[in-house]
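Two chains, each in its own frame: build the complex with the hints.
Spelled out, the chains give:
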Amino acid sequence: MRPDFWPALRSPIPWALLALAATMPFLLPNYYLHILTITLVYAALASAWNIVGGIAGQISLAHSLFVGAGAMLASALLVKLGINMWLGMVIAAAASAAMGAAVSFIDYRFRLGHLSFALITMAFAEMAEIYVTNTEFLGGASGLFLPKDKGDLLAFQFGGISGVYWIMLGMAALCVVVNFAILSSPLGYNLRSIRDNENAAQAIGVGLLRNKTLAMTISAVLTSIVGTIYARYLAFVDPYLLVSPVLTIEIVLFATVGGLGTALGPAVGAILLAPLGEILRGHLGGFLPGLHYFVYGLVVVGVILLMPAGVWPSIRARFTRKNAQEAKAS
Amino acid sequence: MDELLQALVQGFFVGSAYGLLALGMGLVYGVSGIVNFAHGDFVSLGMYLCFAFFTAFALDPYVSVVFTVPIMIALGALVYRFLIKPIAGRQLLMVIQLTLGVALLIQNGLMMVFGGQPTRAPSMIESKLFLVGDVVIRGAHLVACVVSFALAILLYVMLQSTDTGRAIRAVQQEPRAAALMGVDVGRVQVMTFAIGVGVLAIAAALLLPGLPIQPTQGLRFTVITLLVFVLGGMTNFVAIMLGGIVIGVAEAIGTIYMTHTLGQLLPYLIFVAIMLFRPQGLVWRS
Chain A
1 MRPDFWPALR SPIPWALLAL AATMPFLLPN YYLHILTITL VYAALASAWN
51 IVGGIAGQIS LAHSLFVGAG AMLASALLVK LGINMWLGMV IAAAASAAMG
101 AAVSFIDYRF RLGHLSFALI TMAFAEMAEI YVTNTEFLGG ASGLFLPKDK
151 GDLLAFQFGG ISGVYWIMLG MAALCVVVNF AILSSPLGYN LRSIRDNENA
201 AQAIGVGLLR NKTLAMTISA VLTSIVGTIY ARYLAFVDPY LLVSPVLTIE
251 IVLFATVGGL GTALGPAVGA ILLAPLGEIL RGHLGGFLPG LHYFVYGLVV
301 VGVILLMPAG VWPSIRARFT RKNAQEAKAS
Chain B
331 MDELLQALVQ GFFVGSAYGL LALGMGLVYG VSGIVNFAHG DFVSLGMYLC
381 FAFFTAFALD PYVSVVFTVP IMIALGALVY RFLIKPIAGR QLLMVIQLTL
431 GVALLIQNGL MMVFGGQPTR APSMIESKLF LVGDVVIRGA HLVACVVSFA
481 LAILLYVMLQ STDTGRAIRA VQQEPRAAAL MGVDVGRVQV MTFAIGVGVL
531 AIAAALLLPG LPIQPTQGLR FTVITLLVFV LGGMTNFVAI MLGGIVIGVA
581 EAIGTIYMTH TLGQLLPYLI FVAIMLFRPQ GLVWRS
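Here the protein sequences come in this chain order: A and B. Note that the first sequence covers residues 1 to 330 in our numbering. Note that the second sequence covers residues 331 to 616 in our numbering.
So that you can see chain B by itself, here it is in the shape it has in the complex (with noise of 0.2 Å):
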């Protein structure tokens, strides 16, 4: 019973962290179209720009967001104006090949700048570790898991109230009426692929504390990140972040009570059985 609350309790909150790394994917896809197959690549580069602020600094990952974010946000930016428009229109499979050699760029230029060991950019707080009843709560775990909220909550009050938030809803909804409404498409479409990196940036530094980082990693974050992506009905916030919460506990669920094998192929058998048979998502509305 302890070790099923023990793992009820990591997985939620490592599936928050999950949750937020596909918001930033939901947000892209729901106003571009596009699936960004890079997603995970750019998580890692979050990660080791984390590691090369400490290296040179000395600074905790937690306070090298503050360099990291701007950073992830131009990136973005640029990558998406200069990569990924000049062929948004086409084939959709055209741009998943486009970004996946965009990771390819990725996670080799951090294997030559890096190189292949693994590695670890230690925070002050990843040691901390809180007992509630029985249960063994990691710091690291709960700051992801709060700040994973608050980012989503941030975002979906961002997207509600403010006017860019608006203008992002009109070109998810109608890109053509949005236009004529005077939203400059382009615009916002470039905003909104930088905000989704500038997010990995965060979700690098909270996945990051106890974790060895490589640069063959991205990945499976990629994959991770789809299977979130997938579950939460691709653009739907809520079920994004139920999503990655389903995900985070199968496979906190997975290792504990299955084979080593079972328990890490759980995820996946998880994620076919929802694509074929709920491909809406968990969380549908009419």
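Same shape as in the complex, but just chain A (with noise of 0.2 Å):
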């Protein structure tokens, strides 16, 4: 570890800032909640997949294999079998798991550049989308209904949205915390080194599989993790939302638009721009169906555009040159 990460975790900023996100369901009405919920759902995907589109720059368009995981076969395994969900959610995390080792191991062993990993990964989300609809066991093209939530928390049910907003704050503060420990660790250093120049970074001894296989790892059973929730919590469990390559295409543009690479900026992006989205089809849905993917669009197109390296490290660099005017004035 780098030694500016536990002193980071020891500042009272972060846990002061967490504690206030905490009160929320005490303040906000549950429309206002629901929305912050859904933010935090996309703030832990999309940090989650910065570990290996961000940090390793491995631009993986299978994500929604790993949402899909934790969301059907979670549900799939309590609905149709009685299998617990916490249970579940650890056989779809480790099922997913797999799955991101496995797909490591086919870009190691043929040495698959940027663009055919984005091409292969893109393949294997669609092909996902295909069998989960087509699956009568994983709820097929109708999707599966989770029972009532009762708050029995051994069931994986926390009782309503008020639980399931604390769960997903913690695992959002969890995705990033482990982004910021990737970042300062060996790890950080080899999977940087890997995305800049993956040759080099082998010639010098970064071991290639072991390191993206790791990265993919840990994204692939944290973004499992986040789908069962996500799952819990919407009670409906519809494959063309959870499965879809869309979703997929979302986290990567929250991610870009927060700021690629960075602990906190894929977070940073999916809290500008989710709740932007909601707030829209909520309101404007009815009569413009489609207005809010536009105005992501939008706001991807003019974010690249502008602010290549994304919204964050502007704001950061922002910051860092007004303080070091101000320490030269001084």
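Hints listed in this document are in silico derivations from the structure and should not be mistaken for laboratory results. It cannot be assumed that every hint is accurate.
As the list claims (entries may be wrong) - Here are some of the chain A residues that sit facing chain B, going by a computed Cβ distance under 7 Å:
{"id": "1", "residue": "59"}
{"id": "2", "residue": "120"}
{"id": "3", "residue": "123"}
{"id": "4", "residue": "126"}
{"id": "5", "residue": "249"}
{"id": "6", "residue": "256"}
{"id": "7", "residue": "289"}
{"id": "8", "residue": "293"}
{"id": "9", "residue": "296"}
{"id": "10", "residue": "300"}
{"id": "11", "residue": "301"}
{"id": "12", "residue": "304"}
{"id": "13", "residue": "305"}
What you are looking at is a predicted structure, and each value in this text was computed from that prediction instead of being measured. Beta carbons: idealized from backbone N, C-alpha and C, even for Gly.
This is the structure we're talking about:
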């Protein structure tokens, strides 16, 4: 660990922000709490994707596989076989880890370039959607309904929106902390060297297979767990939402807008865009369906053209520049 | 046996249109090194333009091509000049994400204008059927096949023996040397992107008869195009047309001979296999 990881974790600011966020269920009406919960889901997903897509620079479009495994598999195990959803979550996470490792192995074994990797993972994502919507056990095209949430924690029920909100808050915070930890650890340096020049990294002894697999597995497990919690929150588990390649595209765009490869950027991107999308859909979706995605498209194109590094690095650069100037003046 | 023959013929015809879709992508990739993830949404846009001309003036899609091609060419030029060109030199990931953003814009722009319900733009030819031996040939498929091959040949001849074509090939092979020889590289890149999108307007009209259209279909066309594009080794014209036919036949055979799921999966499985074991494409010359 780089020395600034532990002091940052001990600093009061993130804890204060977290505590403030945790009070929201007491302050906000359910509609806004719902928007915040969805935002946290996307913040967690974008942060988890960032480990592979941002830090390691591997454009994975297969993350709907992991969300789908977490959501559909854990739900199917509960609904069809009566397996406790906590256990289902672990099984789904293990399955996601195995799929992630397999994808990494294929990437390593065939030395796929960035473009090939993006295309192959996109093909996997398409195949996953076709497979799930045609498999009766996983709910087929019509999806699955989870039993009513009675607040029984042992049965993976969190007692309505407040409970899910807290769980998701913890999960999103965990994803950001994992990003931060990876960035400050040898793994983070290895991954960044792979991102910037794979051949050079290998030449100085950075193990490609080991590092890529580790990054993909961590990302897959986190993504899968978020998927399970999201499924529990939605109660109706819709494959066209949760195993859709469009979901991955949303995640990738949020992470890009926020700032790829930074610990906080992807979460910032989700916090900026997800509420905007939810509110637009809620208020204008009736007579202008698609407006929120249209706005996403505009924001993405604008951010890439104007702030190619993303919103968060730009904000940070502005602050540090101001600090530097003040330091010089004083 | 008849079923097999029927599948092969139908796959061949539809596949040639897929090949045409991927030619545009191959052209742009060769010249600018970018992969356009909004490709399928441009196809979608072409179809909806035909639909708009049909609802406004009752024009047959085959006729409204006269108007949709110039519109799409202009649009392609604008998109390249103002959106893609500023970031073209940077990481590949940037361009992919930008074009994904453009895909969202087109898809949901269509959704807002035309609504999400599936709709159709009928053509006078779509119900025409021909019987050759025991094989039924749909008129629209025949037109699609003939026009696709004609266009592919036209593009090929244009590339081989006109000054514009030579400039395009020069930029494809060595942009710096081409620039030193007085080729305006920027102009060639805008032009090829515009041509690539213009071709899609034609492909859209060819695929349209009998096909219900909806705004969210773009991604599927993008994926089919990418499959064909990669099968064809990305820049080789002949191989790209061949790749289109492979995917078309795989789709047709898959739907007839295999379980529903496996049939739908087959094109993707072929794609992954080729990608892994023959990354240079089906046809490869050293």
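Evaluated hints:
Hint on residue 59 (chain A) holds. Least Cβ distance to chain B is approximately 5 Å, under the 7 Å limit. Satisfaction of the interface hint for residue 120 (chain A) is found here, the shortest Cβ-Cβ separation to chain B being roughly 6 Å, below the 7 Å cut-off. For residue 123 (chain A), the interface hint holds, the least distance from its beta-carbon to any beta-carbon of chain B being 5 Å, beneath 7 Å. Taken as an interface hint, residue 126 (chain A) checks out: its beta carbon lies about 6 Å from the nearest beta carbon of chain B, inside 7 Å.
Against a cut-off of 7 Å between C-beta atoms, the interface hint on residue 249 (chain A) holds, since the closest Cβ of chain B lies about 6 Å away. Taking 7 Å as the C-beta cut-off, the interface hint given for residue 256 (chain A) holds, the closest approach to chain B being about 5 Å. Against a cut-off of 7 Å between C-beta atoms, the interface hint on residue 289 (chain A) holds, since the closest Cβ of chain B lies about 5 Å away. Hint status for residue 293 (chain A): holds, given a least beta-carbon distance of 4 Å to chain B, under 7 Å.
Hint on residue 296 (chain A) holds. Least Cβ distance to chain B is approximately 6 Å, under the 7 Å limit. Residue-level restraint check for residue 300 (chain A) holds (minimum Cβ-Cβ distance to chain B is 3 Å; threshold 7 Å). The beta carbon of residue 301 (chain A) comes within 4 Å of a beta carbon in chain B, closer than 7 Å, and the hint placing it at the interface holds. For residue 304 (chain A), the shortest C-beta to C-beta distance to chain B is roughly 5 Å, which falls under 7 Å, so the interface hint holds.
This hint holds: residue 305 (chain A) has a C-beta 6 Å from the nearest C-beta of chain B, less than the 7 Å allowed.
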